[in-house]
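Q: Residue 1 is where the first sequence starts when you use our numbering, and the numbers rise one by one after that.
Treat the hints with care, as some may be off.
In silico lysine to aspartate or glutamate, EDC-like type, Cα no more than 16 Å apart, as pairs [what the hints assert, rightly or not]: (1) Lys-380 x Glu-213; (2) Lys-356 x Asp-215; (3) Lys-789 x Glu-846; (4) Lys-417 x Glu-563; (5) Lys-797 x Glu-824; (6) Lys-285 x Asp-253; (7) Lys-352 x Glu-199; (8) Lys-76 x Asp-538; (9) Lys-356 x Glu-332; (10) Lys-257 x Asp-282; (11) Lys-380 x Asp-215; (12) Lys-636 x Glu-704; (13) Lys-17 x Glu-210; (14) Lys-797 x Glu-689; (15) Lys-380 x Asp-253; (16) Lys-636 x Asp-104; (17) Lys-707 x Glu-819; (18) Lys-123 x Asp-148; (19) Lys-628 x Glu-12.
Distance ranges between label pairs, derived from CB positions [stated by the list, open to error]: (20) Glu-410 x Lys-123: 26 to 32 Å; (21) Arg-632 x Gly-112: 26 to 32 Å; (22) Arg-632 x Arg-420: 33 to 39 Å; (23) Pro-536 x Glu-16: 35 to 41 Å; (24) Glu-844 x Glu-12: 42 to 48 Å; (25) Glu-12 x Lys-145: 19 to 25 Å; (26) Arg-420 x Ala-254: 50 to 56 Å; (27) Gly-168 x Gln-618: 24 to 30 Å; (28) Arg-632 x Lys-123: 48 to 54 Å; (29) Gln-618 x Gln-190: 38 to 44 Å; (30) Glu-16 x Arg-632: 18 to 24 Å; (31) Pro-536 x Asn-90: 55 to 61 Å; (32) Leu-214 x Gly-337: 34 to 40 Å; (33) Ala-776 x Arg-420: 55 to 61 Å.
The set of hints was computed from the structure by calculation and includes no laboratory data. The model shown is predicted, which means the values in this text are computed figures rather than measured ones. Note that the Cβ used here is the ideal one computed from N, Cα and C, for glycine as well.
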Amino acid sequence: MPASVPEKPSLEGLEEKWSARWRRDGTFVFDRSKARADVYSIDTPPPTVSGELHIGHCCSYTHTDITARYWRMRGKEVFYPMGWDDNSLNVVRRVSVNYGVTCDPHLPFDAGLEPPGPNTKQKVPVSRPNFVALCEQLTTELEQKYFDLWTTMGLSVDWDQTYTTIGGRAQRVSQHAFLRLLDRGIAYTQDAPTVWDVEYKTAVAQAELEDRELDGAYHRVAFTGAAGDDLLIDTTRPELIPACVALVAHPGDARYKSRFGETVTTPLFRASVPLRAHPLADPEKGTGLVMVCTFGDMTDVTWWRELDLPVRSVMAPDGRLLPVTWGAPGWESADAGAAQAAYDEVAGKHVKQAQKRMVELLRESGDLRGDPKPIRHPVKFWENGTRPLEIITNRQWFIRNGGRDDDLREAMLRYGKELRWHPDFMRVRYENWVNGLTGDWNISRQLPFGVPIPLWYPVDENGEVDWDSPIRPEPEALPVDPSTHVPPGYTADQRDRPGGFVGDPNVMDTWATSSLSPQIVGGWVDDPELFEKVFPYDLRPQAHEIIRTWLFYTVLRSHFEFESLPWSDAAISGFVYDPDRKKISKSAGNAPENPTNLLAEYGADAVRYWAAGGRPGQDTALDRNQFKIGRRLAIKILNASRFALQFGEPPEDAVPAAPLDLALLAALRTTVAEATAAFDDYDYTKALERIEPFFWSFCDDYVELVKQRAYSGDASALATLRTTLSTILRLFAPFLPYCTEEVWSWWQDGSVHRAPWPSRDELAAGGDGDADETLAAVAWALGELRRAKTEAKRSMKTPVVRAVVRETAERIAAIRSAESDLREAGVVGELTYEESPDPSVTAELEPA
RNA sequence: GGGCCGUUAGCUCAGUUGGUUAGAGCGCUUGCAUGACGCGCAAGAGGCCGGGGGUUCGAAUCCCUCACGGCCCACCA
């Protein structure tokens, strides 16, 4: 036995030992001298660095790592970076708490800033560049934690290739790309109705909306027709009656057909609004008559646009009702005094209070008919927000996305078809999304933190800002922060002055930067040579819930810049659910299921084994049983390898020759072929499902059958054991990197993870056919002998005095070819055969 | 409201283009100290393949329908 084979192999300590060695040896460092055709590149998702990584992360990142390791062994130079997403609200909160600061873009940069630290009662406002610097500082600290976990998990990431989403490089790429789109008119600014979060006081994009069920009520309210009659509507938003600009009914609705075009008067405010027809009005709902406000929901926006209605806005950015002067232009009323008196009751109030007061007023005036009917209905929220969204009108930046452009939409759908999805059905989600786009992508956010829109605007002598003539930064100045940097041709004291300039106050949607992840990590702006080696990428692994954001936007940006897909394949992971069938979330951070505990208890190979059971797109159960099985498998590999290696080197000229050995290699060839095909189809789970049974059958049947020959130094047996072991280790290496590397080191040079993936060709010694009957037939006969012993409750080494094998002629021939192996393994004395269509074995055991 | 995925032994999952008595591992039961492994080895029990229709000589596999679980999308007054 090689001296390096331990007496008692163990999994303990393998993670530390080998992850350190891989790092030291640069085993996974990307070699950029390789040609593009020899590169396999991955657009790794950057986990957000604000919280804890949970077992779900471990699962999906393992999937990617298994894939990366496979392609590396296939001879590809794998570009496998890691990112940190620090451009998020979660990070803002954490930075704020950790350093005791808030971000105030109006402040100048302070080079000597000393943040007060945690537990500060009064948070200190700091400039945006200072805040970003603190963010990078925190990220650096948290990165270590993430790095440790990923390293223990055995991710074969090249740690020289990392990126963040708020750091200097990301900002430079993000601003550079924005300016390019601005040049081409693909990015544009517009004053328009915007989905608005009143808590954060920022616009948000369609892709970041979600519905939440909320309590509400239908209020039946009377409007007054031209003839002084009642026109009843149902509304859940009575506080928006002052913002009402029309009533709408379905064009075919007999109740209102004759009255389209009529002027109607609103209750309390006595404003004149038209009664109009539009097919989106549903005759089945309420009274069939709807109040159109600017703006209560997205349908209002549609009606407002398509019916060419005026704007009468009452919503302030903070969710309170704006002050309004009734009787002024745009606020005409038949009784301005009464209107003002009513409105003053609600002005300045938050939506909820305003609604309450408005209902009281309507009740007093007699315009509310009956009691409000409570309902539960879906309401739109920003996914990061806690209060319902409003729609207000203001200036925003947009990027075209196909929502208002059929050609672009078609192009985006074509990319969806071209992309190889794993699993394929995830394509449907993408198509649903693209087909459902209702407008362009609003990329501007009115948040203090983020990548700034890199523009300034001139201010004329009257103090008016010319929003349509943005001042651009010099390309080499990027990244810039217009809140502290001064535009070309101006001086700092001209900021916010007549004749001077203003900085664009907005930052970009975080997706506007992360959608450039291939460009950021690949060196699009600052390392074109690298970019040429990795783009378009081979793989985008990601979660299904961000198909509409990250995936879609990345395809969009790639289309604009390169007119190509950013990657050929997308692997969409499912989520992990706990034993109660609930989705594992971050809050489970300290649960027993946290990754650190599980890794300590079962080892990385075991956790990876469990993860490997989750196919792309399929949800995975957190099942400790699978960890246990994975651990046993890893231990078994150590022990089986020890066995196979204990006989020393086979002779130089040894080749597999014995029928049983050839049969084993034939079965192995089949296994290799099937596993390879599965891997090529991104079905690592299926690959494992082929490899694992082969390995167990190798241990339980072949090894038992070959033992005697192995102990006596039979060259064919020894050669077969070594060849098979080498192959098995390489097949398992992507899944179980630690135990396979450990065994590899006992008898091979270099890393198993840089060894070539097994092929049929290298197993061609003694034939190149597929699995034949020999192994199965002999294993069956051995099993029958074992059964006889088990049923007699005797030990497996109990001698069989006489055995009769009844089988078909063909199978008897197969068994005979390995008869001596069978006799040794079964401890059989006299062995005879009978042809029979009804297979059986009779065994006469030595008396106890 | 539209769409997608799933429903196979107690548990976690396989079941290729429909083909003889439906598979694996774990768990369970019963045994076994055999010179790699007792974190081992051997054997055994255990399924009307979610329900109901249909196509077929034959269906877990194809079609229809329903139920349940989960997810995505939606203009939700």
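Q: Against each hint, give a clear statement of whether it holds in the structure.
A: Evaluation of the provided hints:
no.	hint	verdict
1	Lys-380 x Glu-213	9 Å, holds
2	Lys-356 x Asp-215	14 Å, holds
3	Lys-789 x Glu-846	10 Å, holds
4	Lys-417 x Glu-563	15 Å, holds
5	Lys-797 x Glu-824	10 Å, holds
6	Lys-285 x Asp-253	12 Å, holds
7	Lys-352 x Glu-199	14 Å, holds
8	Lys-76 x Asp-538	11 Å, holds
9	Lys-356 x Glu-332	25 Å, violated
10	Lys-257 x Asp-282	14 Å, holds
11	Lys-380 x Asp-215	13 Å, holds
12	Lys-636 x Glu-704	15 Å, holds
13	Lys-17 x Glu-210	46 Å, violated
14	Lys-797 x Glu-689	32 Å, violated
15	Lys-380 x Asp-253	29 Å, violated
16	Lys-636 x Asp-104	59 Å, violated
17	Lys-707 x Glu-819	14 Å, holds
18	Lys-123 x Asp-148	32 Å, violated
19	Lys-628 x Glu-12	15 Å, holds
20	Glu-410 x Lys-123: 26 to 32 Å	49 Å, violated
21	Arg-632 x Gly-112: 26 to 32 Å	59 Å, violated
22	Arg-632 x Arg-420: 33 to 39 Å	35 Å, holds
23	Pro-536 x Glu-16: 35 to 41 Å	37 Å, holds
24	Glu-844 x Glu-12: 42 to 48 Å	47 Å, holds
25	Glu-12 x Lys-145: 19 to 25 Å	23 Å, holds
26	Arg-420 x Ala-254: 50 to 56 Å	53 Å, holds
27	Gly-168 x Gln-618: 24 to 30 Å	39 Å, violated
28	Arg-632 x Lys-123: 48 to 54 Å	53 Å, holds
29	Gln-618 x Gln-190: 38 to 44 Å	42 Å, holds
30	Glu-16 x Arg-632: 18 to 24 Å	21 Å, holds
31	Pro-536 x Asn-90: 55 to 61 Å	31 Å, violated
32	Leu-214 x Gly-337: 34 to 40 Å	36 Å, holds
33	Ala-776 x Arg-420: 55 to 61 Å	36 Å, violated
Hint violations for this structure: numbers 9, 13, 14, 15, 16, 18, 20, 21, 27, 31 and 33, all remaining hints satisfied.
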